[in-house]
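Those sequence lines, one after another, are chains C and Y.
Using the working numbering, you'd call the opening residue of the first sequence number 49 and step up by one each time.
Using the working numbering, you'd call the opening residue of the second sequence number 49 and step up by one each time.
Among the clues, some could well be false.
Which copy is meant is left open, because identical chains are indistinguishable; a pair holds if it fits in one copy or across any two.
Stated by the list, open to error - As a list, the in silico SDA-like pairs of lysine to any residue whose alpha-carbon atoms are at most 25 Å apart:
(1) K195 x N301
(2) K200 x E300
(3) K195 x L220
(4) K137 x A127
(5) K137 x A270
(6) K195 x R297
I should point out that these hints are in silico values taken from the structure, not numbers from a laboratory.
There are 2 protein chains.
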Amino acid sequence: MMSSRTQISRTAPTQFLELKGGERYAYRRFGGGSGLPLLLLQHFTGTLDNWDPALTDALAGERELVLFDNAGVGRSSGAVPTTVGGMAKHAATFLDGLGIETCDVLGFSLGGMVAQQMVLDRPAIFRRLILVGTAPRGGEDIMHLEKPRLAKHLQDPSNKGYSVLKKIFFTLTPSGQAAGVAFVERLAERNQDLDGVSGPEVANAQMAAFRDWERFTGDRFADLRTISHPTLVVNGIRDEMIPIVNSYRLAENLPNVVLVTYPDAGHGSLFQYHDSFARHAAAFLSISSESAVY
Amino acid sequence: MMSSRTQISRTAPTQFLELKGGERYAYRRFGGGSGLPLLLLQHFTGTLDNWDPALTDALAGERELVLFDNAGVGRSSGAVPTTVGGMAKHAATFLDGLGIETCDVLGFSLGGMVAQQMVLDRPAIFRRLILVGTAPRGGEDIMHLEKPRLAKHLQDPSNKGYSVLKKIFFTLTPSGQAAGVAFVERLAERNQDLDGVSGPEVANAQMAAFRDWERFTGDRFADLRTISHPTLVVNGIRDEMIPIVNSYRLAENLPNVVLVTYPDAGHGSLFQYHDSFARHAAAFLSISSESAVY
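Taking the hints into account, I'd like the entire structure generated from these sequences.
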């Protein structure tokens, strides 16, 4: 479905950052404005092609976006790390390689975990954080795709390619499914220079990272209380993949956070309500104060 | 502390609606614009004088506000009901008396419970609901002022008049207390035509209503699932009076709700972040769609 919006996401070329003695990272960088660059960190098995162009087009009007394939994902070289910590190191190395000292970050799902780990490792790397459909270390029920409500869609052979996303990222209500169909159509707007669909080697390593992220030692959520960065947490209230309780724990333990939940929405709430989410995110990112309240 | 804002809340006259064979209700009605009227329903022991003028001045620019003293509160006649249901009947009678068939509502704390009951009793009475620092019927830990963390402030004789509010409505952090001091100063801007402070007969009856509201029969929260009205739920993440878990239950059970939580904020989050709350509320109220997502 075409629209009148600026369709920069559809044609932005994939670029490659090749680091001497390191990996070759695939990324796309587009948009501009007075805001800091915004790093986008992607979900389980997701690639550069999995960002909703309606959302990225909207956000790109006021700042430069940097979409990133972590090691071993899409057309980035290397092995997919089996820990969030390993992914965080790659993402930081990538930012260093681009010469970006400080930026904002939008981390969705697995990407939100990577963002949390990056800011714990190097607080100055981010100014403001947007964490969507994600969980803190020690969170609950993170990405258990073997749960019957998820497994039945993943094992259904009629859900080919990205079309399974409309079943697992969206509620099964008429409005949820309509939003899911529209989302999958928008993903298909870009039809060249594609990463393609991730294989089982990506899924298996990332799943190991989720299992590790569920574990914690010592004072649960203590790490969160050291992150003073302004943070916006967003989640669909019916998220089956990373349930809402994880966003509650983020809101209760991050010292400087606004939580927003969307109704009749699952894991892909930011895509279902892309207009509102882009407005909320832009309002949050436009603030120069020390407070998360926008 | 004076500011450059329109200070309509400071001088709006108290009016009285006297119903034949019924009560005399005190109210204030001011502001205007293209929006529906907004009914404001007040917290435990609160009167017309307890609305933050910074908030009401901001909201009054786009709609008419109707501030209301329920029966037996402030200068309204009658006995304070000992149930939320009784308060809901008075508020509906009051709207009928003013000839307001449908309006929006902002219910804070006890007022949020009254708003829920009103819309259950008469769905057409409201278009959109804003529920702040409140709980569903069957909620948890509602207004237990005997808890040590609250009782120590309420029993401290140095907390005279409204100044106790800065201890129980705000966090005890420096920024929370600074916001509390500013709030109490703003309440003092209005210095004539006042309701005055509520006495124990108001507190005792309203406390009985809280105890009743904690009880439920049958399917817990089933009533909420019948309220399809667009609803905005707002709460401070550190609310000691009506803890955040009650807002989670509202967000999970109301079908059409956006939840927003504010950091380092207690029960009075809407006053602490009055600028942001007024923006969020105005954005929510300005939408004409069927969705709560603004």
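To see whether the hints hold, each was checked on the structure:
no.: 1; hint: K195 x N301; result: between (28 Å within a copy, 23 Å between copies)
no.: 2; hint: K200 x E300; result: between (33 Å within a copy, 24 Å between copies)
no.: 3; hint: K195 x L220; result: within (16 Å within a copy, 43 Å between copies)
no.: 4; hint: K137 x A127; result: within (13 Å within a copy, 66 Å between copies)
no.: 5; hint: K137 x A270; result: within (21 Å within a copy, 47 Å between copies)
no.: 6; hint: K195 x R297; result: both (22 Å within a copy, 24 Å between copies)
Of the numbered hints stated above, none is contradicted by the structure.
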